[in-house]
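Each protein sequence line maps, in turn, to chains A, B and C.
If you count the first sequence from 1, you need to add 13 to reach the working numbering.
If you count the second sequence from 1, you need to add 26 to reach the working numbering.
If you count the third sequence from 1, you need to add 29 to reach the working numbering.
Heads up, a few of these hints could be off.
Restricting the straight-line Cα-Cα distance to at most 30 Å, the calculated cross-link-like pairs of lysine-lysine (DSS-like) are [unchecked claim]:
hint : chain 1 : residue 1 : chain 2 : residue 2
1    : A       : K444      : B       : K135
2    : C       : K84       : C       : K161
3    : B       : K76       : A       : K506
4    : C       : K241      : C       : K84
5    : B       : K158      : A       : K501
6    : B       : K158      : C       : K57
7    : B       : K77       : A       : K399
Derived DEER-like restraints, expressed as beta-carbon distance ranges [said to hold, decoys possible]:
hint : chain 1 : residue 1 : chain 2 : residue 2 : range
8    : B       : L46       : A       : V488      : 29 to 37 Å
9    : A       : V504      : B       : V68       : 47 to 55 Å
10   : C       : P344      : B       : L128      : 28 to 36 Å
11   : B       : V124      : C       : N327      : 22 to 30 Å
12   : A       : L152      : B       : L54       : 55 to 63 Å
The following residues of chain A were derived to be distant from chain B, with all beta-carbon distances above 10 Å [as the list claims (entries may be wrong)]:
hint : residue
13   : S114
14   : G115
15   : K148
16   : T199
17   : F256
18   : F384
19   : G406
20   : T491
Don't read these hints as lab results, they were simulated from the structure.
On a predicted model such as this, the values are computed, not experimentally measured, just so you know.
For each residue, glycine too, the CB sits at the ideal point set by N, CA and C.
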Amino acid sequence: MYMDLISALPSVLSFDNFFAIVIGVLSGIAVGAMPGLSATMAISVLVPFTFGLDPLVALGLMAGIYNGAMYGGAIPAVLLRIPGTPAAVATSFDGYPMAQSGRGGFALQVAVVSSAIGGIASALALMLLAPPLAKVTLLFGPAEVFWIAVFGLCSIIFLLGESPIKGLISACFGIFVSMVGADPITSEDRFTFGQLELLDGINMVILLVGLYAMPPVIDLLEQPLDTKEAGKALKTESLLRSFPRMFHFWKTWLRSSLIGIWIGILPGAGGSMAAFMSYNEARRASSNPDEWGKGEPEGVAASETANNADTASALIPALTLGIPGTAVAAVMLGGLLVHGLQPGPMLFRDNPDIVFGFMWQFLFGAILLIFLGGSLATNSFAHLLKLPRPVLGAIIIVLMFIGVYSINGRMFDVYLMLGFGLIGYVMDKFKFPLPPVVLGLILGGFAEENLRLTLLIGQGQWSSLFANTTSLVLVAMTIAVVVGPMIKRRVVKARKSES
Amino acid sequence: MIVIAFCIFIASAAFLIPALKLNGNASLLPVAMLVALMGLSVILVVIDVKKALNNNEPHKPALQSPSRVVGALLSVFLFVTCVDFFGFYLTTAIFVPVTAYLFGCRSLKVLLASDVIVVAGIYLIFSVAMSKDFPMGSIW
Amino acid sequence: MFNYKKKAALMSALLFASGAALADYPEKPITLIVGFSAGGGTDVMARNVAPFVEKYLGNDASIVVKNMPGASGQIGITEVAHSDPDGYTLGTYNLPGMMARTLDREAKYSADSFTFLANIVSDPNVIVTSKKTGITSVKELIDAAQKAPGSITVGMSSLGGDDHLGLTKFQSLTDTKFTIIPFKGSSAARTAILGGHVAAGVLNVSEVAAFKDELNVIGVAKATRSEFAPNVKTFKEQGVEFYNGALRGFVAPAGLPADVELKLLEAFSKAASDPEMLAKMKATANPVEASIGLDFKNLNNELYDLAKQAWETTPWK
């Protein structure tokens with residue numbers, strides 16, 4: 014197998030194929046940076062075109078876009094507090110405060126280096142460990158996946174913000190939104206009120222654009238002209254100079270890469286969950302957790318490493334088992350299918366050149382990110398920020414429309430987004446935290462579906478949730494994550510009162 | 027805040043009616059979430075009332091200039107409805123400079139340049155390169 | 030920065046530029062509505078067949094594929110049913126899904142809303158079992174199910190789909206009872222079977238062709254063996270007259286002008302036997318079994334009756 018890997022290298026390095034990766038990364042960054050346009054959308058737009066392309070060129074474009082978009086989402090998240098993609102929500106926690114205190118340039122550099130590191134780690138995992146990691150995926154049946162969703166939902170606790178009650182309301186709202194649409198098991202309509210458009214549930218991007226883009230846009234238009242702020246927003250220095258200041262993130266890079274890879278190989282969750290979980294883990298491990306959320310570069314590093322680390326690894330189950338780890342991987346499978354590449358164990362035997370070439374392309378895409386994402390992309394966006402605030406606001410409104418409309422090409426989604434926008438604006442003004450809504454939407458439906466499947470398989474016995482070791486380990490982990498910090502806090506308090 | 031909590035309570039209660047009609051396990055989680063939302067909004071009110079009784083902080087207005095906020099929200103809604111009726115490109119071409127002008131950008135040069143760049147850019151990227159269709163407008 | 034994207038997409042867009050027609054039908058591009066997103070099984074079929082239909086329509090015909098995903102194809106097919114019957118709007122059509130939706134949901138169309146053009150793909154059902162169960166033949170499966178009714182869990186892609194209706198048929202043919210586990214999509218179901226989380230599953234032969242060694246494929250629900258799994262015995266060979274599968278084809282709105290309909294039927298029937306298209310379909314795992322025009326319509330009615338019977342005896346929601 015490793016011989017196949019090496020023999021696939023030369024064709025990847027041919028001009029056409031390499032050029033495709035470069036174009037892919039650049040357009041990926043642009044797509045990710047526009048609120049509402051996500052990697053999933055960009056790649057699904059690309060799929061019909063790939064019928065006429067050489068498979069490696071098509072796949073190179075896709076790999077590049079995937080890597081690029083995962084970083085691109087960080088740019089508006091840092092500069093405007095509008096996550097460009099769902100996976101960049103956690104990046105905005107610390108990225109935006111950094112930009113406000115004039116360190117936006119450094120935040121973006123941390124983001125691009127971390128993204129590249131996550132992407133490289135993920136590509137290596139795909140190249141070297143795909144078959145054994147695929148076996149891990151098989152261990153996770155509905156019961157186990159349910160517990161992973163619960164584990165993820167528990168991390169909401171750390172996102173609750175100042176008022177836990179408001180945080181919980183946000184979370185419940187998010188979970189409730191995930192229930193809209195056809196029931197996952199019986200496909201009975203729930204809260205669709207006869208609208209076919211709601212049957213497939215509410216698309217993540219619609220909610221994200223509404224909740225996250227509307228409040229900043231209104232703020233842009235609300236405040237009178239202020240050109241001073243925009244000027245100082247981005248101070249860029251050479252990456253070579255700032256890189257040494259990032260070395261001490263190595264532990265976070267390592268941890269977040271592993272989390273990202275792990276989430277990637279599990280079907281269904283995807284980049285946003287990886288970013289949230291790795292942000293939480295990094296914060297728990299940090300020596301000064303109170304600084305987090307106020308502009309801690311390590312938070313940006315954690316989130317960005319993880320959301321890139323799940324890119325290539327999401328393809329491990331996709332290529333070997335045909336189950337995509339993320340929505341993007343699902344669309345990519347379509348791109349493979351177009352070229353007659355059927356996922357499954359045979360794929361590696363029948364088409365080694367293409368499969369291993371594809372893996373190399375992921376690696377090169379991640380490496381190219383540093384060169385293409387660093388100065389070039391950042392500087393173009395610095396110019397955008399110099400635009401007068403009302404103009405910027407108006408442009409973002411147009412982009413919001415494009416992003417949401419392009420998902421399915423229907424106005425219904427746009428009106429839905431407006432509704433969420435209104436809710437988001439009110440929530441923002443009354444200090445209801447938004448991240449729990451996003452996490453609730455991602456994991457709520459996921460948890461419900463797998464819970465119901467488990468109960469069906471176990472003939473309605475709730476004990477089937479605890480029937481095997483993997484489940485029990487996950488339950489123990491969840492309890493440790495929830496109870497651990499409480500005990501820690503109590504111990505710290507006790508010590509303080511002693512002294 | 028009490029108003030918000032009240033709204034949450036009413037909305038949850040309203041959704042509870044269709045939720046209770048669902049069969050078996052399909053209603054399990056939705057009902058749980060809605061009941062939780064109702065419970066939490068009650069707690070929110072209690073906490074808020076308690077806080078209001080304990081300290082008499084001067085009330086800070088949530089918005090700096092309500093008229094501009096309402097204007098901004100209106101402009102977003104207006105944009106979307108106009109796209110639906112008059113078509114995407116026409117609306118965008120008018121919307122971008124007008125909104126920017128109304129909200130404080132008075133430089134004609136910037137307005138014109140941004141308008142042209144935005145409309146042309148979107149046309150080239152989305153319509154030409156990605157062959158995406160946008161609404162043409164329902165009145166013609 | 031925008032330039033790069035533009036270039037990349039332009040490059041590919043150029044490859045698809047096609048000319049407009051002048052004489053007779055078709056004089057302008059034909060829109061083909063696909064009710065699923067790009068890259069899905071139905072989409073791949075549509076995009077592979079479309080160029081050959083263009084070829085046999087002549088007149089420099091051009092077919093533009095438009096994806097209208099949502100509600101498992103229902104949004105797209107509703108759009109087709111309500112568009113002008115002028116031959117410039119066609120749609121992909123899935124069976125038994127499209128007919129089952131008229132039973133289990135309020136649908137704004139019925140079998141009479143369409144002109145049935147051609148069914149191209151017929152993907153027979155297979156029943157597979159997990160290696161862990163040790164069940165390798167239909168007989169063993171029936172025995173195990175009869176010994177303890179409901180003890181065998183059977184994964185499938187959804188309720189009301191071809192696999193579900195197929196299993197209902199199998200149950201009544203063999204007097205057995207299984208526990209139905211509807212996953213979200215067939216690949217999720219297949220993975221759960223691979224991992225042994227469910228004992229068996231109803232899938233389609235194209236979906237298991239790449240996993241023959243990892244699963245026990247115990248039978249194909251087809252009259253003759255499938256070219257995708259030639260070593261797998263049919264149910265008939267094992268004594269059960271069980272035939273079922275997923276069909277994917279093309280329809281137009283009802284009330285097409287007769288000459289347009291004739292021209293389309295002719296083009297589809299020629300395209301369906303074009304060796305180049307057959308090769309393409311094989312490479313993308315689409316088992317071709319064409320039925321044109323009236324044959325397709327009869328097939329539709331047959332499957333509608335089956336779905337109706339299943340819905341009336343064991344409604345799934």
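Taking the hints in turn, this is what the structure says about them:
1. A:K444 with B:K135: Violated, because 39 Å separates the two Cα atoms, which is more than 30 Å.
2. C:K84 with C:K161: Cα-Cα ~50 Å, so violated.
3. B:K76 with A:K506: Measuring from Cα to Cα gives roughly 26 Å; hence the hint holds.
4. C:K241 with C:K84: This hinted pair is violated, its Cα atoms lying about 36 Å apart.
5. B:K158 with A:K501: violated (54 Å)
6. B:K158 with C:K57: Holds - the C-alpha atoms of K57 (chain C) and K158 (chain B) are around 19 Å apart, at most 30 Å.
7. B:K77 with A:K399: violated (42 Å)
8. B:L46 with A:V488: 29 to 37 Å: Cβ of L46 (chain B) to Cβ of V488 (chain A): about 31 Å, so the range 29 to 37 Å holds.
9. A:V504 with B:V68: 47 to 55 Å: The hint (47 to 55 Å, Cβ to Cβ) is violated, given that V504 (chain A) and V68 (chain B) are roughly 34 Å apart.
10. C:P344 with B:L128: 28 to 36 Å: violated (57 Å)
11. B:V124 with C:N327: 22 to 30 Å: With a Cβ separation near 59 Å, V124 (chain B) and N327 (chain C) fall outside 22 to 30 Å, so the hint is violated.
12. A:L152 with B:L54: 55 to 63 Å: violated (27 Å)
13. S114: Holds, because the least Cβ-Cβ distance between S114 (chain A) and chain B comes to about 21 Å, which exceeds 10 Å.
14. G115: holds (23 Å)
15. K148: K148 (chain A) clear of chain B: closest Cβ-Cβ about 32 Å, beyond 10 Å.
16. T199: Violated, since 6 Å does not exceed 10 Å.
17. F256: holds (33 Å)
18. F384: Label holds. Min Cβ-Cβ 23 Å, cutoff 10 Å.
19. G406: The claim breaks: G406 (chain A) does not keep its Cβ more than 10 Å from every Cβ of chain B (closest is about 7 Å).
20. T491: holds (18 Å)
Checked against the numbered hints given earlier, this structure breaks hints 1, 2, 4, 5, 7, 9, 10, 11, 12, 16, 19; the rest are met.
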